[in-house]
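Colleague: Letter by letter, the chains look like this.
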Amino acid sequence: MKLYWKYYFFPFLYGIIFSWYASFQSKATHFQIWEAVALFNGGYLNTANSKVVCCILQNYVPFILFSIVFSTYIYRHFCNCSVYFFTRCENRSRWYTKEIIKLFGFSTLNSIFILLGHIATGLISKKIVFSLDQMWIVGWYISLYSIWCFSLTLMANILAILKGSAFGISIVFSVQAIITLLLLTIDSKKELSGSNLKRMVYNPVSYLVGNWYRVYWRGKKIMGVEPCNLSMTTGYAIWGSVCIAVVLFGMYVVHKVEIIKSNKEI
Amino acid sequence: MIRNIKAQVQILLRQKGANVCFLLLMLCVILNYYKNLKIYSGFEKICFPSIATLFTMSDWLDGIGYYIIIFLPFLIALPAGLSLAKETKTNVHIYLVTRCGGKFSYYFSKICAVFIVTFLVFFIPFMVELLLNWYTFSNGLSKDALDVLWSYDTHQEGMGTLINTMAFHYPVRYIFIHILYVCFFAGGLAMIPLACSFFYDKYQAYLMMPLYFAFAAFDRMHIKILGSKSTHYYSDYFVWLDGQATSYDMKRMAFFVGILSIVSSLLILICAMKGEKK
Chain A
1 MKLYWKYYFF PFLYGIIFSW YASFQSKATH FQIWEAVALF NGGYLNTANS
51 KVVCCILQNY VPFILFSIVF STYIYRHFCN CSVYFFTRCE NRSRWYTKEI
101 IKLFGFSTLN SIFILLGHIA TGLISKKIVF SLDQMWIVGW YISLYSIWCF
151 SLTLMANILA ILKGSAFGIS IVFSVQAIIT LLLLTIDSKK ELSGSNLKRM
201 VYNPVSYLVG NWYRVYWRGK KIMGVEPCNL SMTTGYAIWG SVCIAVVLFG
251 MYVVHKVEII KSNKEI
Chain B
1 MIRNIKAQVQ ILLRQKGANV CFLLLMLCVI LNYYKNLKIY SGFEKICFPS
51 IATLFTMSDW LDGIGYYIII FLPFLIALPA GLSLAKETKT NVHIYLVTRC
101 GGKFSYYFSK ICAVFIVTFL VFFIPFMVEL LLNWYTFSNG LSKDALDVLW
151 SYDTHQEGMG TLINTMAFHY PVRYIFIHIL YVCFFAGGLA MIPLACSFFY
201 DKYQAYLMMP LYFAFAAFDR MHIKILGSKS THYYSDYFVW LDGQATSYDM
251 KRMAFFVGIL SIVSSLLILI CAMKGEKK
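Protein chains in written order, with the numbering used here: chain A, 1 to 266; chain B, 1 to 278.
With the rest of the complex left out, here is chain B:
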């Protein structure tokens, strides 16, 4: 099984969609880093802001993160979510099923590979940015000095909402968890176009639509999800510092996305084992 997953990951990583998405994210990250360098070029080391505020996905209002958030449904579906439709359309899946040793192992390895590839496509650019920011903007102050610096930071107002102690004291660890959260989200949601490609594979652009409409519908939605009724903006769950979502909201959302991806994966496996393709 591991060999199958490895082979599928290798196939997917070589495809155009994954490469284009990776390059786009890398471009966004580098542009954001360049923008930060330009802003803080003449500053003293002590005046550097915390790297938690310099991260692409923390920059929401007039930054490059805005573009990533708006086009997130497409960026999630593009790397690997459309691969099953592509393989079914060209009938490559028949060959791959025989190579993998059965339908179950093919579809299971496909699900794992899609998750891994989408995760990696998001994880590597953001990690590169974290390392660059850590190297460039780390001010190396003592904890007390950092506390004083943070008390003057403008982002503090929005900080009361989410894992604030961690962002306050350990920005690198905080950003790392933020990156992992975004990547798990992306990987989990990539299952939706994959599940949809079981029922439709003519125009691949249409497979991105369920995710797009789900994101659009969830924006500004005043609904009750597992307990609390409030206005939800999907950007809040990806932009932690400027967003309004609390850590309780985050946990609920992670649970919701987890269930959604598990249901999608089970749907793929059930449809595959039944042999009811379309």
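Only chain A is shown next, with the shape it has when bound in the complex:
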């Protein structure tokens, strides 16, 4: 943990810089923490155009950095003296479960530190308001982003075990970027319905944009812009299933790969 602690400075700084405008420059008298979270990932417009897609890609930066640092978290055991390590490891499944729980904890911390950056600027500018009854939206952000970031990092680790670290990280982020760019196929000039809406609903990246959800609280709509009405349950179901699939694939790979004989990192 000590080794990785310093890398949480960047998500924290990222949170500070990206909430700076709302905290110090805008004329708003106050904002709630969940409002900052709802606007996270660039979803302030009701449809996907190049601006929103650019914002989504830009907001990947702290998560990409996290994945680069942690893309060797499980893979390193296969590189450094793997013979000694795995001859002493009685149950690989148990070891793998322990490691991925730790990795999930690290990815949750990453999301929390971005939020702490938002809170820090809000507290200094005295504009932030905490209301406990809507804090579950903050919980939504932390849980969904942790699942997403964890899935990507674990996938990068697994691909690194199979083909090398550069391959792992580049494939994971190329695929992620391509899926994000598929949002551009949504025609922003047409009405968001029919096949146009399906392109948004079936794209997993849409579920990372806070303001595209439909959220009601005590009969009042508190989050979401018409006509994007994504459901939170579907978001959890999609990213949860991706996460489970990656974990199971990882379990298979960890059992299958004995040790890495040749150096892939040349």
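A hint or two may mislead.
To be verified - Subject to a maximum C-alpha distance of 27 Å in a straight line, what follows is the list of computed DSS-like cross-link-like pairs (lysine-lysine):
| id | chain 1 | residue 1 | chain 2 | residue 2 |
| --- | --- | --- | --- | --- |
| 1 | B | Lys103 | B | Lys251 |
| 2 | A | Lys6 | B | Lys86 |
| 3 | A | Lys163 | B | Lys38 |
| 4 | B | Lys89 | A | Lys51 |
| 5 | B | Lys202 | A | Lys163 |
| 6 | A | Lys189 | B | Lys38 |
| 7 | A | Lys27 | A | Lys163 |
| 8 | B | Lys89 | A | Lys6 |
| 9 | A | Lys102 | B | Lys86 |
| 10 | B | Lys202 | B | Lys274 |
| 11 | A | Lys189 | B | Lys6 |
| 12 | A | Lys163 | A | Lys51 |
| 13 | A | Lys163 | A | Lys98 |
| 14 | B | Lys103 | B | Lys35 |
| 15 | B | Lys103 | A | Lys51 |
| 16 | A | Lys51 | A | Lys190 |
| 17 | B | Lys6 | B | Lys89 |
| 18 | B | Lys86 | A | Lys190 |
| 19 | A | Lys256 | A | Lys127 |
| 20 | A | Lys163 | B | Lys35 |
| 21 | A | Lys163 | B | Lys6 |
| 22 | B | Lys6 | B | Lys16 |
Hints were generated in silico from the structure; no laboratory data involved.
Note that the coordinates shown come from a computational prediction; the quantities given were computed from them, not determined experimentally.
With chain A held as given, fit chain B onto it using these hints.
Modeller: Quick look at chain B alone, frame taken from chain A:
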């Protein structure tokens, strides 16, 4: 010294980062040219807009220029800004210092080479676009006819801000100066990741972060820089036609970036001569 710089430029131009960045910019430029061709395919020659409005970096609102502007910090750092960290990590710099004949000549040639390579990576694609646009969309009208055409141009509203007479009468010269400005900016700012690599070289992705955070912090910033207090958007300094920055702002910004790059270069040289690596 010139031989050292030449050798460093050759090494850097062969590296993956410079090639990827060059190809990405070339792709953006060609896509923009193709988009323009598609829009104006059935038009009469007299109806062609001025080439000042067709340039990739002039197309801000819903064009390909938007992607370049958003990812500019990475595009600046990628071609050569990370080279020092790469060389230090693989210990190639020891060999290169002996080949160059001392620390000062190695680091000085490195600074020059990084500037030249970043400048070239941005300059060549944009110049290719300028030539293509000049050849395709040059309407060849007389000056009076151009004046009439420009009076109907929608971009005129934003034109009051910056070197307007030049964009109005000499669009090619205007675009050329715009390209030079962007390339000098890119070359100058590439010194920042280079200076940062003196203090950190483990994960190269982190070296892009100072530039990224500087750009992000400067966006929508309501601050006083050398005289006037206004809201600054960094895109304004790169997108001239659609931007809100005045030519006075531009000069101040160029001065600011110039100072920043000189300070970064001096920091590299001072750290190198002291031998205080990390």
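Colleague: State for each hint whether it applies.
Modeller: Comparing the hints with the structure gives:
{"no.": "1", "hint": "B:Lys103 x B:Lys251", "in the structure": "34 Å, violated"}
{"no.": "2", "hint": "A:Lys6 x B:Lys86", "in the structure": "21 Å, holds"}
{"no.": "3", "hint": "A:Lys163 x B:Lys38", "in the structure": "42 Å, violated"}
{"no.": "4", "hint": "B:Lys89 x A:Lys51", "in the structure": "37 Å, violated"}
{"no.": "5", "hint": "B:Lys202 x A:Lys163", "in the structure": "22 Å, holds"}
{"no.": "6", "hint": "A:Lys189 x B:Lys38", "in the structure": "19 Å, holds"}
{"no.": "7", "hint": "A:Lys27 x A:Lys163", "in the structure": "52 Å, violated"}
{"no.": "8", "hint": "B:Lys89 x A:Lys6", "in the structure": "20 Å, holds"}
{"no.": "9", "hint": "A:Lys102 x B:Lys86", "in the structure": "31 Å, violated"}
{"no.": "10", "hint": "B:Lys202 x B:Lys274", "in the structure": "22 Å, holds"}
{"no.": "11", "hint": "A:Lys189 x B:Lys6", "in the structure": "51 Å, violated"}
{"no.": "12", "hint": "A:Lys163 x A:Lys51", "in the structure": "35 Å, violated"}
{"no.": "13", "hint": "A:Lys163 x A:Lys98", "in the structure": "23 Å, holds"}
{"no.": "14", "hint": "B:Lys103 x B:Lys35", "in the structure": "49 Å, violated"}
{"no.": "15", "hint": "B:Lys103 x A:Lys51", "in the structure": "45 Å, violated"}
{"no.": "16", "hint": "A:Lys51 x A:Lys190", "in the structure": "17 Å, holds"}
{"no.": "17", "hint": "B:Lys6 x B:Lys89", "in the structure": "23 Å, holds"}
{"no.": "18", "hint": "B:Lys86 x A:Lys190", "in the structure": "48 Å, violated"}
{"no.": "19", "hint": "A:Lys256 x A:Lys127", "in the structure": "54 Å, violated"}
{"no.": "20", "hint": "A:Lys163 x B:Lys35", "in the structure": "39 Å, violated"}
{"no.": "21", "hint": "A:Lys163 x B:Lys6", "in the structure": "37 Å, violated"}
{"no.": "22", "hint": "B:Lys6 x B:Lys16", "in the structure": "18 Å, holds"}
The structure is inconsistent with the numbered hints 1, 3, 4, 7, 9, 11, 12, 14, 15, 18, 19, 20 and 21, although it conforms to all the rest.
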